[in-house]
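Novice: Let chain A serve as the given structure and place chains B and C on it in line with the hints.
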Amino acid sequence: MEIPYTVEARKDTGLYNAKVGIWLFLASEVMLFGALFSSYILLRVGAASGDWPAISLAWPHGLLNIPIGTFNTAVLISSSITVVMAWASLKMHDFGKFKLYMGLTLLCALGFVSIKTYEYHEKFTHYEVRLKDGKIMTGHIQGSPMFWDLKTLADKKITTLDFHPDAAKQAAKAGEAPAAKEHAKHAPIPVGEITYLSSFVPKHHTFFAIYFTLTALHALHVIGGALVMAFLWLPGAKMWKTDPERFTNRVETAGLFWHFVDLVWIFLFPVLYLL
Amino acid sequence: MQAPSHTAEHAHGHDAHHEPGFLTKYIFSTDHKVIGIQYGVTSLIFLFFGFALMMLMRWQLANPNTAIPVFGKMLEALLGDVAKDGIMSPDLYNSFGAMHGTIMVFLAIVPLAFGAFGNFVVPLQIGAPDMAFPRINMVSYQAYFLGGVVMFISFFIPGGAAKSGWTSYSPLATVADLAHRVNGQTLWLLGMVLLITSSLLGAVNFITTIIQLRAKGMNWMRLPFFVWAQFVTGFLLLLAFPPLEAAGIMQLMDNLFQTSFFLPAGLSVSGNPLPVSGGGSPLLWQHLFWFLGHPEVYVLILPGMGIVCEIIACNTRKPIWGYKALVNSVLAIGFISFIVWAHHMYLTGMGTKISTFFQTTTMIISIPSVIILTALFLSLWGGSIRFNTPMLFALAFLPMFGIGGLTGLPLGFNATDIYLHDTYYVIAHFHYVVAPGTIFALFAGVYYWFPKATGRHMNEFWGKTHFVLSLIFMNLIFMPMFMQGLAGMQRRMADGGATYSMAYAKENNTGTQDGLSPKIIKMNKTVSHAAWALGVVQIPFIINFFWSMKRGRKVTSDNPWEATTLEWQTPTPPPHGNFTTPPEVFRGPYDYSVPGHKKDFTPQNQKV
Amino acid sequence: MSDNHSTADLKKHIRTYMLVFLALLVGTAITVGLYYVHFESVALTVSIAMFVASIKSFLVAGFFMHLISEKKAIYAMLLTTAVFFVSLMFLTIWAMHDYPVIKP
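Chains as they are written, first to last, in the numbering used here: chain A, 1 to 275; chain B, 1 to 608; chain C, 1 to 104.
The shape of chain A in the complex, shown without the other chains (with noise of 0.2 Å):
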């Protein structure tokens, strides 16, 4: 029993019926991350004043690495050429190219979620401190360890933190301090001193809280997405010797879908990082 429409185009809407399904999903996504970024929107306006209970409300500006965000959108919207390139190669029934785009698309799927597990660890072992005497400092310890707090200080029975502030990295590599070249100046900690310790974690600020959110969500979709494409890829390019139209075809919606995918990412960039 055949689907009507699966491949040719119905006459009256002109389309067949995996593009009207995954626009219509597409649709369906736009609900999902606009519900998202409405979130976003409510939560920083909430947070503009940062008076009480303490400044650590107010929204963080500038945490996130532009220079890393941007190469990561130039790598999606390369993606998002290879793939349509990877269709009008099929379009014009060569095959090797259809390989060729596909594998670059694919490619710069891996590069984008590499990087982005980059700037997550960077988070995880990227720590605030908050001490008696009211100091805020954020830095990194030594070692570079993630997740730890206050009960992980005390788990380990560690009596003084091993901590080199940020502000410290950055004095040492404008030269200031004579061992520039060498670990920034480390500022070891009491434990006793410590009020408050953790890790650039959601739970840290509601800044982190969408943050991680809006990007763990974005790159599960990434994932998705290579994950289909990597099937046309690979055996599911079978169907281009028996049916090369479907073919064509299913590589056209994956397409559309990793176009959504760099979309989200369009607006996900400046948002995040640079507003």
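Because the hints were derived from the structure by calculation, they are not lab data.
Note that the structure is predicted; figures quoted are calculated from it, not measured.
It cannot be assumed that every hint is accurate.
Claimed, not checked - DSS-like, lysine-lysine: derived pairs with alpha carbons at most 27 Å apart: (1) A:K99 to C:K103; (2) A:K11 to C:K12; (3) A:K99 to A:K11; (4) A:K11 to C:K71.
Specialist: Relative to chain A, chains B and C alone:
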């Protein structure tokens, strides 16, 4: 249904003629009719389960802090201390209440109305061989089933099922069970993610199918109203669910990873400050929840309206009055339903401008709803009415939905809602639309399409008995609740308002004479008795359903109701692929009693 | 989408894709460059950022996703979605900022 004759091992390459094995045919089927029946059976089981939860709750309301007979001991054995000595504790009451709502809305009504009836009937009514994406259809059922399993399991984990209302408002939803990291609320959220996935996949399928797979000649204005209703319902599910999914993800983060999406700064629980960053907003959860929540109620009602329309046309032997008005109204309802949601939030401190906006849109949306109801009423005029069981349920739907809809008006007005919000009046209102409203429409649909699915009729006598008794008891349950609500009785009180009664005030010298009168408190008992009676009255229906499958009166034709729509022009039951030859449509959906025609009905695919 | 493109047509399309790709890279550079320019008001900063992002998204949606030559049905559906998305965002933000202020 044909008996499975070969095992899966015998399945070979030639796909048109081999017999699929049992697993492929009944469990992993991609046939929309099988999937429809899977949805139907599963959702009816959950309907019964949600009803059972309510029947237990009604004992506690009628006889607060007394042991539940028979079932009390079972509850204690299954759930432990929350049902100590067979008495339903307030925590258990809240749990049952939250899950009753969740199960009825998401696991029973929507899967039955959209998943079951939609899947079975829509491809047949548009003349298609199946849904556009049969495998996605199968996956959508499986996601639903898994979501149901997750929700069911949540009753038996430490801490019990979710107990923050089906609305899961933060911060309660996050702090209700701090003792367990993975608790009932966590499973509720995970279950919801699965259910939302199922609905999204289903919506994509339905909309694509209706756009792309209509038979030749089946243009938009020849579609049965049922299909239009399901089309709009699909859009509601597609676009309204994702914000709840986003909110669900954020609440999961709050619960599992101590984020503060919905937790404000300075929150204290039992005297201890909560160790979270703060900076979130409980109102954000409410907005995102109700953005789905309101379109969701139209998801609950529209398929039912569609079913009623089909049955009325067929059993009055005349065309539906105002087909165009019906179509335009259902499209209008779909669109406007997205911009009314904050009428569920009038008491959150919104200012007058925004409240007026939502009040206005809420009033506007009542217009197309009334148009639909009026058109259905007017369709009865001059009809040659056949009072069979489906028709009785469809007829009763009209005034019952009327009551439900009209009682929504004081709730839609900001000013009156200040008094009525969160009272039993609200419970009465929405139960009228869903219980004697939608559920009656769904019962009508079961009796109506049963012959097409099984080749046999359900028993008429027991059907009519089921109808009369259900109608009586439904009204006995929900009518008093209007009075209780107007008297000020709040929702979600585990003791049925006992501590707010006049009697309590007198006994405990609370310093006031005011409170719920004895008459109002006594209504709890009447309502409970009616609820249990309604439960008993479903037994003949359940027996009738299963007995008739094997022993019901056989149909004498493929079109026993002499209806015009395409699902009746197939073999009974329809085979895989539905139509022996692709049908062609020449006329509208309700060509009954056309002057000059031989019979009093002319099927859509009949040329002259 | 079996509107059979001829090879010549496709080569034209490919040229368009390349131009769009370059435009997107330039757009990204502009986006980041603007970050270092200070604007007086928050509203202006946000508007400009969103404007650049919108141009980029139009390019991706219009050309890579072929929306510019897509069928009416798809437009209608996307327009409806856009309306609902904007309503969600706008009405929620309005609701959270319109509350009665009690003057002593």
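Novice: So, for every hint listed, does it hold in this structure?
Specialist: Hint check results:
1. A:K99 to C:K103: violated (69 Å)
2. A:K11 to C:K12: Cα-Cα ~26 Å, so holds.
3. A:K99 to A:K11: violated (32 Å)
4. A:K11 to C:K71: Roughly 11 Å separates the two Cα atoms, so the pair holds.
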